[in-house]
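S.K.: Got chain A sorted already, so can you dock chain B onto it with the hints?
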Amino acid sequence: MRKILCLSALFILLMTTGLSARESIIEKIQKQGVIRVGMSTFVPWAMKDKQGNLTGFEIDVARKLAKDMGVKIEFVPTAWSGIIPALLTGKFDVIIGGMGITPQRNLKVNFTIPYDYSGMSMVAHKKKAKGFSSLADFNKKNVTIAVRMGTTAEQAARKHMPNATLKLFENESQALQELNLGRVHAVVSSAPMPVFHALKYPDKFFIPIQENFTKEPIGFAIKKSDHDALNYLNNWIINMHAQGFLKEKKAYWFGSKDWESLIK
Amino acid sequence: MLNKKKLKFTVIDIAMIIFIITAISIFFSRTSQVLDYKWEWDAMPSYFFFLDAATGKFKANILVKGFVTTVKLSFWATLLGFLLGIVSGIMGAKGSFEQRFISRVYVETIRNIPSLVLVIIFYYFVSSQFLDVLHLDTALRQSGPAVQRMTGILFASPGQINAFISAIIALGIYEGAYVSEIIRGGINSIPNGQWEAAWSLGLSRKKTFLLVILPQTFRRVAFPLAGQFISTIKDSAIVSVISIQELTFQGMELMSATFLTFEIWITITVLYFILTFSSSRSIAFLERKYALKE
Chain A
106 MRKILCLSAL FILLMTTGLS ARESIIEKIQ KQGVIRVGMS TFVPWAMKDK QGNLTGFEID
166 VARKLAKDMG VKIEFVPTAW SGIIPALLTG KFDVIIGGMG ITPQRNLKVN FTIPYDYSGM
226 SMVAHKKKAK GFSSLADFNK KNVTIAVRMG TTAEQAARKH MPNATLKLFE NESQALQELN
286 LGRVHAVVSS APMPVFHALK YPDKFFIPIQ ENFTKEPIGF AIKKSDHDAL NYLNNWIINM
346 HAQGFLKEKK AYWFGSKDWE SLIK
Chain B
192 MLNKKKLKFT VIDIAMIIFI ITAISIFFSR TSQVLDYKWE WDAMPSYFFF LDAATGKFKA
252 NILVKGFVTT VKLSFWATLL GFLLGIVSGI MGAKGSFEQR FISRVYVETI RNIPSLVLVI
312 IFYYFVSSQF LDVLHLDTAL RQSGPAVQRM TGILFASPGQ INAFISAIIA LGIYEGAYVS
372 EIIRGGINSI PNGQWEAAWS LGLSRKKTFL LVILPQTFRR VAFPLAGQFI STIKDSAIVS
432 VISIQELTFQ GMELMSATFL TFEIWITITV LYFILTFSSS RSIAFLERKY ALKE
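Read top to bottom, the protein sequences are chains A and B.
Sequential numbering from 106 applies to the first sequence in this note's numbering.
Sequential numbering from 192 applies to the second sequence in this note's numbering.
Bound conformation, chain A alone (with noise of 0.2 Å):
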C-alpha cells in the first residue's frame, strides 16, 4: 500500500512539474541558451544542402533571430503533417517553416505578425492538361491534382478547385513525381517551387496560370498564452522589416537561383 502511495505520489510530482513549468520560451531559450525552432524541408524555404547543412530562407531568418537573442540554435526537422502537435507537446520552442496564418490554426497555436508573404502557384503537365488556363479548367471532377498533406496548398486547391479530385502526399517530392508520371494533371503549391519545376523540364510542364491565386501572410507559430514570447518575436520582426532583412533575404532566395548550385 505504502508502495502503491509513494508511486502514485511520484505520478502526481512528475505530471504537476511538467504543468507549472509555465514560464515564457523566451526566459526558457536564455536560461538554456538554445533556440529549438520546428521546420520541415520545403525548396527553398528550407533544406539541406551538399554538405548536409540546413539553408533556405527560412534557416537563414532563424539564424539570424538566435544571433540576435545571443543563443545557439538547433532546428529540429519535423514531418509537417506532425509539426503543429509537436510544437504543442514541446518537441521544439517555436516553429519556423514557413507556416502560413489560417483561422484553422490560429485556434491551436499563436502566431506572430507576418514576416513573409506567399502564394499558391501551380505547375501543370502539357499533355494531360492540354489547353488548360484558368482555374476554372481545373475544377472538373476528372482533373486530379496533387498537393502536400496539411499545407495551405491543400486548402487553397480545395476552395479554388472543389471538382477536382484531390491526391495528398507526405512530401513534396511524391507530389511532384507523380506529376512527372502523368498520373495528375497539376501540383498545387507555394510559389516559386512550380515555376521552378516548369522551368526544368519545359517540354513536360507549364504554368497554367501565371499570377499566384492566393496571398497567404506567413509567421512565426508558438503555443498559446505565451505574450511574452508573442511580443519579442512580433517586434524583432517589425525591426527586420524595417532594417530590410526580409526584403534582402527573399531577393536571394526567391528572386534569383544562385543557391541551386548549394543544393545539387
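Keep in mind the hints are simulated off the structure, nothing from the lab.
From a predicted model like this one, the values you see are computed outputs, not experimental measurements.
Here a beta-carbon is modelled for each residue, glycine too, at the ideal position from N, C-alpha and C.
Do not take every clue at face value.
Pairs of lysine-lysine residues, derived as DSS-like cross-links and limited to a Cα-Cα distance of at most 30 Å, are as follows [stated by the list, open to error]:
{"#": "1", "chain 1": "B", "residue 1": "Lys480", "chain 2": "A", "residue 2": "Lys369"}
{"#": "2", "chain 1": "A", "residue 1": "Lys232", "chain 2": "B", "residue 2": "Lys425"}
{"#": "3", "chain 1": "A", "residue 1": "Lys155", "chain 2": "B", "residue 2": "Lys229"}
{"#": "4", "chain 1": "A", "residue 1": "Lys329", "chain 2": "A", "residue 2": "Lys231"}
{"#": "5", "chain 1": "A", "residue 1": "Lys362", "chain 2": "B", "residue 2": "Lys248"}
{"#": "6", "chain 1": "A", "residue 1": "Lys235", "chain 2": "B", "residue 2": "Lys229"}
{"#": "7", "chain 1": "A", "residue 1": "Lys369", "chain 2": "B", "residue 2": "Lys263"}
{"#": "8", "chain 1": "B", "residue 1": "Lys425", "chain 2": "A", "residue 2": "Lys155"}
{"#": "9", "chain 1": "A", "residue 1": "Lys133", "chain 2": "A", "residue 2": "Lys328"}
{"#": "10", "chain 1": "B", "residue 1": "Lys425", "chain 2": "A", "residue 2": "Lys369"}
{"#": "11", "chain 1": "A", "residue 1": "Lys177", "chain 2": "A", "residue 2": "Lys329"}
{"#": "12", "chain 1": "A", "residue 1": "Lys362", "chain 2": "B", "residue 2": "Lys229"}
{"#": "13", "chain 1": "B", "residue 1": "Lys250", "chain 2": "A", "residue 2": "Lys155"}
{"#": "14", "chain 1": "A", "residue 1": "Lys233", "chain 2": "B", "residue 2": "Lys229"}
{"#": "15", "chain 1": "A", "residue 1": "Lys272", "chain 2": "B", "residue 2": "Lys229"}
{"#": "16", "chain 1": "A", "residue 1": "Lys305", "chain 2": "A", "residue 2": "Lys369"}
{"#": "17", "chain 1": "A", "residue 1": "Lys155", "chain 2": "B", "residue 2": "Lys248"}
{"#": "18", "chain 1": "B", "residue 1": "Lys256", "chain 2": "A", "residue 2": "Lys177"}
Under 8 Å between C-beta atoms, here's a sample of chain B residues computed to sit facing chain A [stated by the list, open to error]:
{"#": "19", "residue": "Phe200"}
{"#": "20", "residue": "Ala234"}
{"#": "21", "residue": "Phe241"}
{"#": "22", "residue": "Ile253"}
{"#": "23", "residue": "Lys256"}
{"#": "24", "residue": "Tyr315"}
{"#": "25", "residue": "Ser319"}
{"#": "26", "residue": "Thr329"}
{"#": "27", "residue": "Leu331"}
{"#": "28", "residue": "Ser334"}
{"#": "29", "residue": "Ala354"}
{"#": "30", "residue": "Thr439"}
{"#": "31", "residue": "Met443"}
{"#": "32", "residue": "Leu445"}
{"#": "33", "residue": "Ser447"}
{"#": "34", "residue": "Thr449"}
M.R.: Frame of chain A; chain B shown alone:
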C-alpha cells in the same frame, strides 16, 4: 563444413541471370523513356561523403549519418526488446497466474496494434509526459563536451535525445512482444521429460528451470532471436514519422530538397539490403557452425 558442395552453373542459373538483367534493364529503359525520367546519379556519392573544403578531409554526409543512426537505433531497441521479451516470455511460460496474465496482456496488446500507431502514441503522449519532464536534454547540454561526444556516438545529440529515447522505447516495447513469444515457445518446447529427470535427481523447481531448462531454451531460440534483430532494423524505418533522423527520414529530406526521387529510394533500398542481408548471412554462418555440435 566437411562436404562443401562445388558451385556449378546450370542452365537454370544462366536463365535466371539473364532474366534478372533483362528485368533491371527494362525497368531503367521504361523509366527513362516512357516516364521521361532524367537520371542524375552524379550527385549521389557526395550524399555519402563530401570533401570538406576547410580541412581537406572527407566527412560523412546525410546518408551515412542516417545509416549510422539506423544501426544505433536497432541495436538499442533490440537490447531493450530482448530484456522485456525475456522477462515477459519467462513469466508467460512458467509464471503464476497473475504473471501469465500480465505477459499475455502485454503481448496481445502490442501485437494487435500497428507499430506506426504505437510509435506515434508514444512520441506525442507518453514521452511528453515522462521524458520531457526528466529534462534529459537540458542536463546533457550543460554537461561537458566529452560527455556530449560520448552520448552523441552512443545515442544522439542533445537536441535529438528525447525523440531518440522515445523511439528506442517504442521500438523496444514493440519488438519485446515478439521476443516474448519466441522465448515462451522455446521454454514450452523443452520436453517434459527434462523436468521429470531433473526432479528425480533432486533438483528444486527453481534450479531445474535455471540450470536445465533455460540453457536449452536459449540454444533453441538464439537464431529466431537473431532473426528478430533483422526485423528490428526493418521496423526502425517507421520512426521516421516522429522525425528521428534515421536512414528513411534522411532520404525523404534529401528527396524534398533535390527531387531525385528514384535515385534516392534505390540507394536507400540498397543500403537497407546491405545491412539486413549481411546480418542474416552472418547469422546463417553461426547457425551452421554451432548446429554441428548439437
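S.K.: For every hint, state whether the structure bears it out.
M.R.: Here is how each hint holds up against the structure:
Between Lys480(B) and Lys369(A) the alpha-carbon distance is near 48 Å, which puts this suggested pair outside the 30 Å criterion. With a C-alpha separation of about 39 Å, the suggested pair Lys232(A) and Lys425(B) falls outside the 30 Å cut-off, and the hint is violated. Of the pairs offered as hints, the one joining Lys155(A) and Lys229(B) holds, with about 20 Å between alpha carbons and a cut-off of 30 Å not exceeded. The hinted pair formed by Lys329(A) and Lys231(A) fails the criterion: a straight-line CA distance of about 45 Å is larger than 30 Å.
Only pairs whose Cα atoms come within 30 Å are accepted, and Lys362(A) paired with Lys248(B) is accepted, the gap being roughly 29 Å. Restraint check for Lys235(A) and Lys229(B): the C-alpha separation of about 22 Å stays at or below 30 Å, so the hint holds. A C-alpha spacing of about 29 Å is found between Lys369(A) and Lys263(B), which places the hinted pair at or below 30 Å, so the restraint holds. With a CA separation close to 27 Å, the supplied pair Lys425(B) and Lys155(A) stays within the 30 Å bound.
Distance hint between Lys133(A) and Lys328(A) is fulfilled; the C-alpha atoms sit about 13 Å from each other, no more than 30 Å. For the hint linking Lys425(B) to Lys369(A), the alpha-carbon distance of about 29 Å falls within 30 Å, and the restraint holds. For the given pair, Lys177(A) sits about 24 Å from Lys329(A) by alpha-carbon distance, which is consistent with the 30 Å threshold. For the suggested pair Lys362(A) and Lys229(B), the alpha carbons sit about 20 Å apart, so the restraint of at most 30 Å is met.
Distance restraint check for Lys250(B) and Lys155(A): the Cα-Cα separation of roughly 11 Å lies within the 30 Å cut-off, and the hinted pair is therefore satisfied. Distance check on the hinted pair: Lys233(A) and Lys229(B) sit about 19 Å apart at the alpha-carbon level, within 30 Å; holds. For the hint pairing Lys272(A) with Lys229(B), the CA-to-CA distance comes to about 24 Å; that is within 30 Å, so the pair holds. At roughly 13 Å between alpha-carbon atoms, Lys305(A) and Lys369(A) fall within 30 Å of each other, so this suggested pair holds.
Pair hint Lys155(A) plus Lys248(B) holds up; C-alpha atoms about 15 Å apart against a cutoff of 30 Å. Straight-line distance between C-alpha atoms of Lys256(B) and Lys177(A) comes to about 22 Å, which keeps the hinted pair within the 30 Å bound. Interface hint at Phe200(B): violated, since its Cβ lies 39 Å from the closest Cβ of chain A, which is beyond the 8 Å cut-off. Hint status for Ala234(B) relative to chain A: holds, with the closest Cβ pair at about 5 Å, below 8 Å.
Here the hint on Phe241(B) is kept, as its CB sits about 6 Å from the closest CB of chain A, short of 8 Å. For the restraint placing Ile253(B) at the interface with chain A, the shortest Cβ-Cβ distance is roughly 4 Å, inside the 8 Å limit, so the hint holds. Annotation: interface hint on Lys256(B) holds; nearest CB of chain A at approximately 7 Å, less than 8 Å. Annotation: Tyr315(B) was flagged as interfacial toward chain A, and the flag holds, the nearest CB pair being 5 Å apart, inside 8 Å.
A cut of 8 Å between beta carbons decides the hint on Ser319(B): the least distance to chain A is about 4 Å, and the hint holds. For the restraint placing Thr329(B) at the interface with chain A, the shortest Cβ-Cβ distance is roughly 6 Å, inside the 8 Å limit, so the hint holds. Violation of the interface hint for Leu331(B) is found here, the shortest Cβ-Cβ separation to chain A being roughly 11 Å, above the 8 Å cut-off. The closest approach between the C-beta of Ser334(B) and any C-beta of chain A is roughly 13 Å, which is over the 8 Å cut-off, so the hint fails.
Checking Ala354(B) against chain A by beta carbon gives a least distance of about 7 Å; that is within 8 Å, so the hint holds. A least Cβ separation of about 11 Å between Thr439(B) and chain A goes past the 8 Å threshold, and the interface hint is therefore violated. Using the Cβ-Cβ criterion of 8 Å, the hint placing Met443(B) at the interface with chain A is satisfied: the shortest such distance is roughly 6 Å. Proximity of Leu445(B) to chain A holds as hinted, the smallest CB-CB distance being about 6 Å (cut-off 8 Å).
Given hint, Ser447(B) at the interface with chain A, holds; its Cβ is 4 Å from that chain's nearest Cβ, closer than 8 Å. Because the closest C-beta pair between Thr449(B) and chain A is about 6 Å apart, less than 8 Å, the hint holds.
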